[in-house]
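Participant: Sequence:
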Amino acid sequence: MTVTIQIPDDVSESLRERWGDVARHALEAVAVEAYRSGALTAAQVSRLIGHASRWETEAFLKRMGAWLHYTEADLDKDMAELRESHGS
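Counting with numbering that gives the first Met the number 0, you get residues 0 to 87 for the letters of the sequence shown.
The hints are simulated quantities; they were obtained by calculation from the structure and are not laboratory data. Quantities reported herein were computed from a predicted structural model and do not represent experimental measurements. The reader is advised that the hints may include incorrect statements.
Said to hold, decoys possible - In the DMTMM-like style, the derived pairs of lysine to aspartate or glutamate whose C-alpha atoms are separated by at most 25 Å in a straight line are:
{"no.": "1", "residue 1": "K61", "residue 2": "D20"}
{"no.": "2", "residue 1": "K61", "residue 2": "D73"}
{"no.": "3", "residue 1": "K76", "residue 2": "E57"}
{"no.": "4", "residue 1": "K61", "residue 2": "E32"}
{"no.": "5", "residue 1": "K61", "residue 2": "E27"}
{"no.": "6", "residue 1": "K61", "residue 2": "E71"}
{"no.": "7", "residue 1": "K61", "residue 2": "D77"}
{"no.": "8", "residue 1": "K61", "residue 2": "D75"}
Could you put together the complete structure from these sequences and hints?
Facilitator: Structure representation (structure tokens):
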């Protein structure tokens, strides 16, 4: 899919001065918001942004303040599975 947005010249100039690559910045903003809202997984963000590794994506999301979707219930489940797998 190709998405086109119209930005007035004076506004786009301000954005270019601040961000450099406005299109890339917009793509990253969409990816982060989609991740935060649950519309995309980290793996999908990785593909959208073009990262080479999961770790690159995790670092990107952390830098953008989009924390891993991992609840206390997820931790409890993981801990129970770990205990079970080790026979404890």
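Participant: Has the given pair, K61 with E27, been kept, meaning a C-alpha gap of at most 25 Å?
Facilitator: holds, 13 Å
Participant: Given the hinted pair K61 and E32, is their Cα-Cα distance within 25 Å?
Facilitator: This hinted pair holds, its Cα atoms lying about 13 Å apart.
Participant: Starting from K61, check that the Cα of D77 is at most 25 Å away, please.
Facilitator: It holds: about 22 Å lies between the C-alpha atoms, which stays within 25 Å.
Participant: Holds or violated: K76 and E57, Cα atoms, limit 25 Å.
Facilitator: Holds: K76 and E57 sit about 22 Å apart, inside 25 Å.
Participant: Starting from K61, check that the Cα of D75 is at most 25 Å away, please.
Facilitator: holds, 23 Å
Participant: Starting from K61, check that the Cα of E71 is at most 25 Å away, please.
Facilitator: holds, 19 Å
Participant: Are the Cα positions of K61 and D73 separated by 25 Å at most?
Facilitator: holds, 19 Å
Participant: Within 25 Å, alpha carbon to alpha carbon, are K61 and D20?
Facilitator: holds, 21 Å
When each numbered hint is compared with the structure, no violation occurs for any of them.
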